[in-house]
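Sequence lines, in order, name chains U and A.
In this text, residue positions in the first sequence follow my numbering: the first is 20, and each later residue adds one.
In this text, residue positions in the second sequence follow my numbering: the first is 1274, and each later residue adds one.
Check each hint, because a few of them may be wrong.
Take a look, some chain U residues computed to stay more than 10 angstroms from chain A by CB distance [said to hold, decoys possible]:
hint	residue
1	Leu30
2	Val31
3	Arg32
4	Arg33
5	Ser43
6	Lys46
7	His48
8	Ser49
9	Glu71
10	Pro89
11	Lys90
12	Ile95
13	Asp105
14	Leu136
Taking lysine-lysine and the DSSO-like style, the derived pairs with C-alpha atoms no more than 27 angstroms apart in a straight line are [said to hold, decoys possible]:
hint	chain 1	residue 1	chain 2	residue 2
15	A	Lys1342	U	Lys63
16	U	Lys46	U	Lys63
17	U	Lys63	A	Lys1276
18	U	Lys70	U	Lys46
19	A	Lys1276	U	Lys81
20	A	Lys1276	A	Lys1327
21	U	Lys90	U	Lys70
22	A	Lys1325	A	Lys1276
23	A	Lys1342	A	Lys1325
Hints were generated in silico from the structure; no laboratory data involved.
All C-beta atoms in this analysis are idealised placements derived from N, C-alpha and C, irrespective of residue type, glycine included.
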Amino acid sequence: NAGVMQNPRHLVRRRGQEARLRCSPMKGHSHVYWYRQLPEEGLKFMVYLQKENIIDESGMPKERFSAEFPKEGPSILRIQQVVRGDSAAYFCASSPALAGVNLNIQYFGAGTRLSVL
Amino acid sequence: LAKTTQPISMDSYEGQEVNITCSHNNIATNDYITWYQQFPSQGPRFIIQGYKTKVTNEVASLFIPADRKSSTLSLPRVSLSDTAVYYCLVGDDTGRRALTFGSGTRLQVQP
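So here's chain U without its partners, still in its complex pose (with noise of 0.2 angstroms):
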């Protein structure tokens, strides 16, 4: 059973550019979360979607930020107009639906980070 996986790894965008970052969560999981997390510190949660729809986007900033999750295919963080201040590493995450279950128990991928010259 493949883990969470991200893609890419490494994103290199200059100011100004989109960047788009995937996640496709864990088998059987429709919860995906994706958090931000700067150099020596802890994750921030941005946003956590189900499947077509945005559950909590409380942590996501309100301009530039969107995510989805579509369907099919996998879920899509996208940054428009990159600023030196997004360079950082995006995780994304998946937990089953069933509530009750495994309370809070939450599978990572390996992050993309980010880097905007």
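Starting from the known structure of chain U, fit chain A onto it as the hints suggest.
Below, chain A alone, put in the same frame as chain U:
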């Protein structure tokens, strides 16, 4: 979500037992305590979860006193490969499912 406090860093030697304590004074009745481990350049990995008393798995033990205001992650006989950041999280499965990570405890294991 209950706030957690844990030491910023710890040092140990191979073969020793390491205990990392986390304080969560405002833990709620429905809250579980979960620990994650993160190696450099990798995503966090679930280690162990508990509600009260003691939980043990093949990786670690988790000790939770009766008042549940703290918890201790115990790593038996650490090796160099246990060098990582360890995060203590507290929360439940109702409502908001986002995990709240603090700064974690950076464990350095020396030979």
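Does the structure break any of the earlier hints, and which numbers would those be?
Of the numbered hints given earlier, the structure breaks none, since each of them holds.
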